[in-house]
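Peer 1: What follows is each chain in one-letter form.
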Amino acid sequence: MSALGHYLEEEGIATVAISLIRPQTENTKPPRALWVPFELGRPFGPPDDPAFQRRVILAALRQLVRARGPVVIAEFADDDPRARPDLAWRPPALAPAPAGATAEVLAARLETEIISLRQAHRHWIAQHGRTTVGLSGLSISDCGHYVADWLRGTAPPSPREVFSPPLMLRFALDDIKAYYLEAAASGGGEPSSRQLSDWLWDQTVTGGAIQAMRRVCLTSEDERVKLIAGSFMVPAARVRDRG
Amino acid sequence: MVRLVDLPPAQAQRYAEVECPDFATRPWVVGPPLARRRVAVVSSAGLVVRGEAPFRGRDPDYRVIPAETGPENLLISHISINFDRTGFQEDRNVVFPIDRLNELAADGEIASVARTHYSFMGAADPLEMEPHARELAGRLKQDDVDAVILPPV
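Protein sequence lines correspond, in order, to chains A and B.
FYI, the numbering for the first sequence is 159 to 401, going by our numbering.
FYI, the numbering for the second sequence is 116 to 268, going by our numbering.
No wet-lab data here; the hints were simulated from the structure.
Mixed in with the good hints there might be a few duds.
Looking from chain A toward chain B, a few residues come up when the C-beta cut is under 8 Å (computed) [unchecked claim]: (1) T173; (2) V174; (3) F390.
Fair warning: this is a prediction, and the values are worked out from it, not measured in the lab.
Note that the Cβ used here is the ideal one computed from N, Cα and C, for glycine as well.
Construct the complete structure from the given sequences, taking the supplied hints into account.
Peer 2: Have a look at this one:
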């Protein structure tokens with residue numbers, strides 16, 4: 159964002175960046191920035207808290223009328239109240255993940271688990287009026303089927319010509335993860351992102367299946383598949399069997 | 116929670132030490148008070164309107180987000196999976212604060228909100244983004260924008 163700020167400012171437009179990684183901002187020196195103490199992915203803080211978000215955006219915009227600069231790196235002092243866990247939150251009930259399952263069993267269980275969350279996900283959509291599932295352009299059951307085929311080791315063709323098979327795999331996985339995290343939050347409460355992520359990666363069949371698929375795809379001879387497996391399947395903080 | 120300290124040390128270091136071109140200039144544009152500014156969002160979240168082309172890799176160009184885009188039609192296609200998306204799933208304003216900007220305009224804190232907003236994908240090469248950013252500046256000026264907020268993810 160610092161480079162964008164530099165280019166736009168050189169073209170005559172005033173900018174202010176939100177900074178989530180202060181050392182990066184200090185290194186790249188944008189004209190103006192507001193550092194916020196929130197987790198990556200939440201530049202304006204807690205969801206569904208308009209008053210808090212308004213304070214963040216106003217604090218950022220007010221840097222635009224500072225008399226002295228560049229470089230300005232201001233700070234927003236307050237933490238995100240939604241970062242705290244909600245101990246009353248309960249995720250949807252799922253059948254336990256099988257221990258030591260074969261890829262074929264994991265693939266079949268992944269597909270049935272996706273279907274079992276359909277009601278919870280419908281509830282999410284009814285509550286929020288939207289879903290962020292949709293990058294792949296496939297239905298969620300087709301996403302599950304496509305990913306399951308990869309897990310079975312069949313390297314299926316892409317169902318959409320506009321996306322190569324590895325790219326379709328990435329988007330199908332993004333859609334499945336979004337579907338699970340939305341379904342997980344459909345039961346009410348205010349779960350933290352860590353609670354939701356813990357559930358996806360530690361308590362669902364699909365979380366374990368994606369970890370297993372990552373290991374399989376890292377041995378692929380297709381460099382694109384290895385890239386997807388290495389960087390775009392499992393978050394760095396969630397990778398098991400790193401070696 | 117996905118803070119820098121939650122990432123494996125090597126990953127956290129890569130984020131903290133991300134390279135940026137060594138610019139020869141330090142531009143600084145001054146302008147009128149906030150209440151007379153027209154504000155646009157230029158995100159680096161890899162935002163895309165549903166049905167349009169998502170960011171495939173480190174694409175250095177940008178996507179157009181009309182101000183009237185409904186919350187049901189805004190998706191994130193950033194290549195990184197190392198940031199939280201649940202906040203955005205619940206409320207787009209966590210990443211794309213269009214409702215907050217409209218409220219600020221209605222309250223007179225800012226003059227107005229741009230007709231169109233934009234998103235890059237923050238993992239792209241800054242040097243490859245440059246021509247697209249400079250071309251975007253022309254679009255912003257055509258919309259009389261004189262203040263841009265740059266949120267990452």
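Peer 1: Look at each hint and say if it fits the structure.
Peer 2: Results for each hint:
A hinted interface residue such as T173 (chain A) counts as satisfied when its beta carbon comes closer than 8 Å to some beta carbon of chain B; here the least separation is about 5 Å, so the hint holds. The criterion of a C-beta within 8 Å of any C-beta in chain B is met by V174 (chain A), whose closest approach is roughly 6 Å, and the hint holds. Checking F390 (chain A) against chain B: minimum C-beta separation of about 6 Å stays under 8 Å; hint holds.
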